[in-house]
Amino acid sequence: MAAFTAILRKDLRLEMRSGQSTIALIALALLVLVVLVFALDPAVARGPQTAAGALWVALVFSGMLGATRALTAESENGCIRGLLLSPADRAGLYAAKLAAAFIFMMIAEGAAVVMMVLFFNLEFDTALMRVAPVIALGALGFASIATLLAAITGRSRASDLMLPLLAVPMYVPALIAGVRASTAALSGLPFSAARDWIEILVAFNVLFVSAGYLLFEHVITEE
Amino acid sequence: MARKLVTSLGVLSLILVITALYMVFEYVPTEADEGIVQRIFYFHVPCAWIAFMAFGLVAVAGIFYLWLGGQIWDDLGHAAAETGMLFCTLMLVSGSLWARPMWGTWWTWDSRLTSTFILWLLYGGYLMLRVMIEDSRQVARFAAVIGIVAALDVPVIILSVRLWRTIHPAVLVTRQGGHGLQDPRMVATLLVSLTAITVTFAWLFLVRFAELRMGTRLAALARGIALAEVRSGDI
Numbered sequence: 001m002a003a004f005t006a007i008l009r010k011d012l013r014l015e016m017r018s019g020q021s022t023i024a025l026i027a028l029a030l031l032v033l034v035v036l037v038f039a040l041d042p043a044v045a046r047g048p049q050t051a052a053g054a055l056w057v058a059l060v061f062s063g064m065l066g067a068t069r070a071l072t073a074e075s076e077n078g079c080i081r082g083l084l085l086s087p088a089d090r091a092g093l094y095a096a097k098l099a100a101a102f103i104f105m106m107i108a109e110g111a112a113v114v115m116m117v118l119f120f121n122l123e124f125d126t127a128l129m130r131v132a133p134v135i136a137l138g139a140l141g142f143a144s145i146a147t148l149l150a151a152i153t154g155r156s157r158a159s160d161l162m163l164p165l166l167a168v169p170m171y172v173p174a175l176i177a178g179v180r181a182s183t184a185a186l187s188g189l190p191f192s193a194a195r196d197w198i199e200i201l202v203a204f205n206v207l208f209v210s211a212g213y214l215l216f217e218h219v220i221t222e223e
Numbered sequence: 224m225a226r227k228l229v230t231s232l233g234v235l236s237l238i239l240v241i242t243a244l245y246m247v248f249e250y251v252p253t254e255a256d257e258g259i260v261q262r263i264f265y266f267h268v269p270c271a272w273i274a275f276m277a278f279g280l281v282a283v284a285g286i287f288y289l290w291l292g293g294q295i296w297d298d299l300g301h302a303a304a305e306t307g308m309l310f311c312t313l314m315l316v317s318g319s320l321w322a323r324p325m326w327g328t329w330w331t332w333d334s335r336l337t338s339t340f341i342l343w344l345l346y347g348g349y350l351m352l353r354v355m356i357e358d359s360r361q362v363a364r365f366a367a368v369i370g371i372v373a374a375l376d377v378p379v380i381i382l383s384v385r386l387w388r389t390i391h392p393a394v395l396v397t398r399q400g401g402h403g404l405q406d407p408r409m410v411a412t413l414l415v416s417l418t419a420i421t422v423t424f425a426w427l428f429l430v431r432f433a434e435l436r437m438g439t440r441l442a443a444l445a446r447g448i449a450l451a452e453v454r455s456g457d458i
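Protein sequences appear in the order of chains A and B.
Taken in order, the first sequence gives residues 1 to 223; the numbers are from the working numbering.
Taken in order, the second sequence gives residues 224 to 458; the numbers are from the working numbering.
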């Protein structure tokens, strides 16, 4: 637990002083939304359904960047060696990296939601408050698999390709559930309409956060 | 011993596949609703069963590798993933060939098709990672972890995709289990082709597994020789 807070605090302080990851994530999320606005027909690119879809595309791409950055920053300076030599357990390291990736993703998503409302002609109203927990669940789920997989793909050739190749198919259930639940929330439907999807998201999170927590020690090694 | 087993399995699989082909094309009666196209089902279903079993095997091998260690578990998972991928591809292709005349389209985002396709992508990524990492011990550990995580994902994928398509139903209705095997000859044909495909899988799997084992032994020998050379050089 001490290791968790120490590593997380270090990551957050680093981010507060440089702002690199959050800026990169926000920029990427913005670009994804812009590309989608131009890719879709203006008549189509409005309303909750397309907006929710666009938001989740932004979430997946910014998440990929977030998870990669959290771990490459450590290996670039050989800092990972120090972390592994320290008595801190690897599960704590996983939890800290997961939390950092999650926080950065949520900041980027917050910006993406604002841009989504503007680009897709939605309203700033209470529906956004109901989308927030759905996005939080989606971001946590993505961070959980991406953190585990980034530790693996960081060791492979063409790691920029390998992370999405492994993470995206694995994330499909949460992606489907998240888009549906967000659409329901943005359309102002009652909670019962999104209930099944929220349940899938929760199940996905429970499964992959615990799997990552248990398996991380097998993938994070120095050589 | 192992060699004999592989050879006899190969011969057995040849005989069984020929028998199954004969039964599919000559013996079994044509299904009333779907016509001649339905015959592809006798190969499609066994391929599906083999693909799922092989991917289960990958996960089990992964668990044993992380638990007990030992290169043999990694070779097992590796061979199972490659062979499973072959049958998963065959399942998708044969399903697509069937869907074109029956549904009027090569591909539709039906729940089973979608789940299978995602599974195919997952294990494609798994096999690609094996190529992309050089260190053999690292590969083994990473592959074990991904094999386990992918298997954990399968029930969630199936659940979510099913729900996704029920809420937005496909234009074309899936025949849920209604393949109508009323004729006992159809059941017999399915059983024979199921056995044939299973034996073929076992044969291909063992060939690949034996090859991987040999590679492992060869690598160990090469290490031993290199070590001996270093030692004799010192003296």
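Please keep in mind that the hints were generated in silico from the structure rather than gathered at the bench.
Everything numeric in this text was worked out from a predicted model, so none of it was measured.
Do not take every clue at face value.
Pair by pair, the computed Cβ-Cβ distance ranges are [claimed, not checked]: (1) B:Gly293 <-> A:Leu84: 44 to 54 Å; (2) B:Met325 <-> A:Leu84: 39 to 49 Å; (3) B:Met351 <-> A:Asp41: 54 to 64 Å; (4) A:Ser192 <-> B:Trp329: 55 to 65 Å; (5) B:Val260 <-> A:Pro133: 41 to 51 Å; (6) B:Asp406 <-> A:Pro190: 41 to 51 Å; (7) B:Met351 <-> A:Lys10: 27 to 37 Å; (8) B:Leu228 <-> A:Glu76: 49 to 59 Å; (9) B:Gly293 <-> A:Glu199: 57 to 67 Å; (10) B:Thr331 <-> A:Leu118: 34 to 44 Å.
Just so you know, even glycine gets a beta-carbon here, dropped at the ideal spot from N, CA and C.
Item checked: Outcome for the supplied range 49 to 59 Å, where the beta carbon pair is Leu228 (chain B) and Glu76 (chain A) -> Given about 50 Å between the Cβ atoms, the range holds.
Check: Should the hint that Met325 (chain B) and Leu84 (chain A) are 39 to 49 Å apart at their CB atoms be regarded as holding?
Finding: violated (56 Å)
Note to self: Given a hint of 54 to 64 Å, does the C-beta separation of Met351 (chain B) and Asp41 (chain A) actually sit inside it?
What the structure shows: violated (35 Å)
Next item on the list: Note whether the CB distance of Met351 (chain B) and Lys10 (chain A) lies within 27 to 37 Å or breaks it.
Entry: holds (34 Å)
Notebook entry, point to check: Does the hinted range 41 to 51 Å hold for Val260 (chain B) and Pro133 (chain A) at CB?
Noted result: holds (48 Å)
Next item on the list: Hint says 34 to 44 Å; check whether the CB-CB distance for Thr331 (chain B) and Leu118 (chain A) agrees.
Entry: At roughly 36 Å between Cβ atoms, Leu118 (chain A) and Thr331 (chain B) fall inside 34 to 44 Å, so the hint holds.
Next item on the list: Could you check the hint for me, namely that Gly293 (chain B) and Glu199 (chain A) are 57 to 67 Å apart, CB to CB?
Entry: violated (39 Å)
Check: Would you say the C-beta atoms of Asp406 (chain B) and Pro190 (chain A) sit inside 41 to 51 Å of each other?
Finding: holds (50 Å)
Next item on the list: State, for the Cβ atoms of Ser192 (chain A) and Trp329 (chain B), whether the hinted interval 55 to 65 Å holds or is violated.
Entry: Violated, since Ser192 (chain A) and Trp329 (chain B) (Cβ atoms, about 37 Å apart) do not stay within the stated range.
Checklist line | Pairwise beta carbon distance, Gly293 (chain B) to Leu84 (chain A), judged against the given window 44 to 54 Å | finding: violated (24 Å)
Hint compliance for this structure: hints 1, 2, 3, 4, 9 are not met, and every other hint is.
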